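Asks: One-letter residues, chain by chain:
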Amino acid sequence: MYSADSTFAAANPERMKAFLAALRESIEIMRKDDAVWVERGNIMKIQGQSLVLFRDEARDDMMMKFEPQTEADVRKVFSVLLETGGSQLIGVDALPKDFMTLAYQ
Amino acid sequence: MMANRTFAASKLIHTILLAATLSLVLSTASIADEIKGDGGKVRLLYNEPGTNSFPPFVMKKFALDKKYGFELVPIAASTSQAGRQCTAGRRRRRRHSGLDHAGAHADRRRQAHWHRAVSDLGEHGRGPHRLALSESRRSQGQEDRHLQPQQSRLGRHAHPSAAPLQGRSGKRNDAARRRRAAVARPDGSRPARRGSDVQLADAGHGRLGQVPRTRHHPQPSSRIWICPTPHS
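Protein sequences appear in the order of chains A and B. Numbering that gives the first Met the number 0 puts the first sequence at residues 0 to 104. Numbering that gives the first Met the number 0 puts the second sequence at residues 0 to 231.
Don't read these hints as lab results, they were simulated from the structure. Values in this document were obtained by computation on a predicted structure and should not be read as measured data. Idealized CB from N, CA, C, for every residue including glycine.
Part of the chain B face toward chain A, derived, beta carbon under 10 Å: (1) I34; (2) G36; (3) G38; (4) K40; (5) P48; (6) F56; (7) V57; (8) M58; (9) Y67; (10) L71.
Label pairs and their computed distance ranges (CB to CB): (11) B:A174 to A:L80: 51 to 59 Å; (12) A:D72 to B:A174: 54 to 62 Å; (13) A:A71 to B:K59: 32 to 40 Å; (14) A:D92 to B:E33: 40 to 48 Å; (15) B:G39 to A:F77: 29 to 37 Å; (16) A:S49 to B:E70: 31 to 39 Å; (17) A:K64 to B:I74: 17 to 25 Å; (18) A:L52 to B:K40: 32 to 40 Å.
All chains, full assembly: derive it from the sequences and hints.
Replies: As structure tokens, then:
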């Protein structure tokens, strides 16, 4: 997840929106353009078949934005984890009331 | 007749493709016109060997930050997994390069002991090494030209960075040392040297510590998720 300081985001909504627009376009490029994977893969020392496997898996996992039901899904997953592992293992007792937003998408 | 049909079909396909390309370009351009930042900076943390290093790379490569009206400042940071890898690599490098467990060279560790010894001797004290050197020269009837009276006080020669074990000298180093001394903090510690991996973290206890190259940013009061990462 990308997170931002809530005070900063509230003070700079246009910048947040611009960043997310650029992020969405970069994901579009990564979905279509193999060359960027090769170029970045060379920097990361991932080449050949490994790069192809990595690229294809990452492309499948790419999410461009939160959906309206995403927060409910996250809370549901958290409740299962809390019930299974307990708060000591997870580190928190509950999710904050406001922890994600669709405001800047 | 057949040739005319083929020509017409190819022309139609060409026109459709051109129209599709134009509409794509126009739609991208209209989004960029519609969403425009204020030109300010967005500092984005990313993990260098991780998947989330791709978006800042692509944004910079295609100048998407300029297109949408902000300045992207990618900042490489480590996740806990990358941290373990880095730590393991650092341990290996230390073993091969003579660094101790704190990431400090042996001569810097000796400087810390030197500093403690000087501190114990008080303001006008001389470190044990210099005292021994001075006594040795006197016993041999030699003038101690390196230790002028004003230099033997707590000043450039009393500071560990001026200790003979460091093996540094010269105007440039002296100037840097004076600058660091001038901005000494109230607790007596000194700021890190520029570009250095280690510093005298706590001169009073003679300990050496690893300090990050990046500055510490204050922890924000609250954070809010704004978007999923590409690989979340």
